[in-house]
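Asker: Given chain A, work out where chain B should sit, using these hints.
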Amino acid sequence: MRGGRVMKQSLRQSMAWLHTWAGLVPGWVLYVIFVFGSAAFFQHEIDAWMRPELPSETRVSPRAFASADAVLRARAAGAESWSVSLPDARGGSALDVSWQMPGQGRREATRITLDPATGAEIPVRETRGGFFLYRFHFDLHFISVMWARYLVCVAAMAMLVAILSGVVTHKKIFTDFFMLRFRKGQRSWLDAHNVTAVLALPFHLMITYTGLATLLFTLMPWAISANFPDRQAFYATTYPQGPEREASGEATPVAPIGQMIAKAQGQWGGAMPTYLSIENPGDKAAMATLYTAKSEWGNGRSDTVYLDATNAALLPSTPATPGRATATHRVMVDLHTAWFAGYGLRWLYFLSGLGGVAMAATGLCLWCVKRRLKLPDPSRPHFGFRLVERLNIGFITGAPIGIAIYFLANRLLPVAMARHADWEINALFIAWGGTLVWAFLRQPRRAWLETLTAAATLYAAIPLINAATTPRGLAPSLMAGDWTFASFDLVMLALAAGFAFTGWTLARHKPRQIPARKRRSGGEATA
Amino acid sequence: MIKPLSAIFSPREKTRHRWSVASRTIAGTLGAYAVTALGTVAVSLVLAALGVTRSEAVTAATLASYAVFAVVAMAVFHAASPMRAWALLIGAAVPLSLIVWFLGPAR
Numbered sequence: 001m002r003g004g005r006v007m008k009q010s011l012r013q014s015m016a017w018l019h020t021w022a023g024l025v026p027g028w029v030l031y032v033i034f035v036f037g038s039a040a041f042f043q044h045e046i047d048a049w050m051r052p053e054l055p056s057e058t059r060v061s062p063r064a065f066a067s068a069d070a071v072l073r074a075r076a077a078g079a080e081s082w083s084v085s086l087p088d089a090r091g092g093s094a095l096d097v098s099w100q101m102p103g104q105g106r107r108e109a110t111r112i113t114l115d116p117a118t119g120a121e122i123p124v125r126e127t128r129g130g131f132f133l134y135r136f137h138f139d140l141h142f143i144s145v146m147w148a149r150y151l152v153c154v155a156a157m158a159m160l161v162a163i164l165s166g167v168v169t170h171k172k173i174f175t176d177f178f179m180l181r182f183r184k185g186q187r188s189w190l191d192a193h194n195v196t197a198v199l200a201l202p203f204h205l206m207i208t209y210t211g212l213a214t215l216l217f218t219l220m221p222w223a224i225s226a227n228f229p230d231r232q233a234f235y236a237t238t239y240p241q242g243p244e245r246e247a248s249g250e251a252t253p254v255a256p257i258g259q260m261i262a263k264a265q266g267q268w269g270g271a272m273p274t275y276l277s278i279e280n281p282g283d284k285a286a287m288a289t290l291y292t293a294k295s296e297w298g299n300g301r302s303d304t305v306y307l308d309a310t311n312a313a314l315l316p317s318t319p320a321t322p323g324r325a326t327a328t329h330r331v332m333v334d335l336h337t338a339w340f341a342g343y344g345l346r347w348l349y350f351l352s353g354l355g356g357v358a359m360a361a362t363g364l365c366l367w368c369v370k371r372r373l374k375l376p377d378p379s380r381p382h383f384g385f386r387l388v389e390r391l392n393i394g395f396i397t398g399a400p401i402g403i404a405i406y407f408l409a410n411r412l413l414p415v416a417m418a419r420h421a422d423w424e425i426n427a428l429f430i431a432w433g434g435t436l437v438w439a440f441l442r443q444p445r446r447a448w449l450e451t452l453t454a455a456a457t458l459y460a461a462i463p464l465i466n467a468a469t470t471p472r473g474l475a476p477s478l479m480a481g482d483w484t485f486a487s488f489d490l491v492m493l494a495l496a497a498g499f500a501f502t503g504w505t506l507a508r509h510k511p512r513q514i515p516a517r518k519r520r521s522g523g524e525a526t527a
Numbered sequence: 001m002i003k004p005l006s007a008i009f010s011p012r013e014k015t016r017h018r019w020s021v022a023s024r025t026i027a028g029t030l031g032a033y034a035v036t037a038l039g040t041v042a043v044s045l046v047l048a049a050l051g052v053t054r055s056e057a058v059t060a061a062t063l064a065s066y067a068v069f070a071v072v073a074m075a076v077f078h079a080a081s082p083m084r085a086w087a088l089l090i091g092a093a094v095p096l097s098l099i100v101w102f103l104g105p106a107r
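As they're listed, the protein sequences go chains A and B.
Oh and the first sequence: position 167 is 167 in this note's numbering, straight run, nothing missing.
Oh and the second sequence: position 73 is 73 in this note's numbering, straight run, nothing missing.
If you're looking for bench data, these hints aren't it; they were derived computationally from the structure.
Computed list of chain A residues with no C-beta within reach of chain B, every gap over 10 Å:
#1 Ser144
#2 Tyr150
#3 Lys184
#4 Lys284
#5 Asp422
#6 Thr453
#7 Ala496
Quick look at which bits of chain B chain A covers, simulated, 3 or more residues with Cβ under 8 Å:
#8 47–57
#9 62–68
#10 74–86
Interface residues of chain B toward chain A, partial, derived using beta-carbon atoms under 8 Å:
#11 Ala37
#12 Thr40
#13 Val41
#14 Ser44
From the three backbone atoms N, C-alpha and C, an ideal C-beta is built for every residue, glycine too.
Bound-form chain A, shown alone (with noise of 0.2 Å):
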């Protein structure tokens, strides 16, 4: 290696390289998960607003557990399991009660859903509300789970290359920090990048590392593997292990729910559980098994009770005692999922969220940006630029057009429509795939202004279709006091102003007059 191949270069240009390319080549990945992952810090205020038709009212009466057993007793004789899942005190669900008969899946079983004041049936329209903006952030839609927790762990891993070797790239970020020159071209975008990213970077290291602990084995499963037989060998280990019963054939009633949550509130100081499962209900040797809300940092499923669900008596389980390590893994997933948030906390991990949304974006325009002034012919870019530029605007605005298709499906779509949620979800990835196309098809200025005008103007009909469709519209709520319908109207009427001050300013700033050149006969400018 001799010559002028090896030449010294200081760390900062080799770590802009790599900065450049370990953000680009994911980066559309990383913002889609930053949009939808900052959504689903507010999954169950996003439920809520979903199923206008449940009360705001979240504790259960005795009544309701009441009606939660003579509805199992009922219509679900012979099931396989029962479950009843309680309300979030955040809101977004009510008493759930479900069932699986025998060789039915999990997604087949039936569902029904009770107030948790009277215990009377309500109709709620099918959703998967901000359940489903929260799974998308990780598990994708169209393609596998497996799959997609591969592609988002690799992004991740990008990531945490990108930020660290971007520290590196802008050394003088912490004193351009108060620097955000508007109007100067790539030199505001790349303030922009730069106050986005500063901002909240402890946030942006922290969400990605703890992002990927959560999906701890995915990308790294070897240390098992020269350990461990196989996984499950690991988890036996590794997580305690609820008992076993085998179903005895003998018939026995199901002791009454309310008696089963007496009796683990008795095991957690008081604590409501959230979810409750019964496997082999009406079998002598029927189980029930009780999880809580997480109460401490870093507890897993230590909280778990066991019941017999004949009589229910404690059935014995060995209680978990994670190790350090096991602790600290735990810890980052509780930091992950900000599940201790109330509501500064959980706003400033929201606004936060929206921080690395603003930061993958600039620093995704900023590729282009940069890059526009050196290209050899401006008129006719190469065909990276033009792939790059264009997936900008189908993701950039796609996705969020995406999501407030979503949300307008919901109050639009008839609500005895069958497959209510399936198709709020297709209007989502409907419109997003048009932007994508339309992106494609415009001229890239008027692409970006036709797409943040769409966005703009779909964010600000969000809440008038709620008034009109709804008894829950802004004005209703804000005198209500109904801060979660509030606060959701708001925050779509703030969307909608952040699109439209960026298609404003964008329709207002003049491109410099790039001189004009002879046009190539067909000749492409490569590089």
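Answerer: Leaving out everything else, chain B in the frame of chain A:
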């Protein structure tokens, strides 16, 4: 140095540059991943040999692995040439392989 392709003009230089970038990119992704995986296994085996519970050793080594990957990838992209980057990876892989060989997969 990884300079932009637009700064290179002769076709021969261009081809060489492309191979150099491809080689380094493979080293910094697949190569760095392989060395990280090997390192993770080695650390988990060493910890287990030192008396740490196996499941703890596995979790601890894997939790650290993503930081290790980032550092290895950055080192590869900072190396003066792709050859040096590969030398760096092989230099790290040999002792790690020996550790894995001696502490052997416990089955």
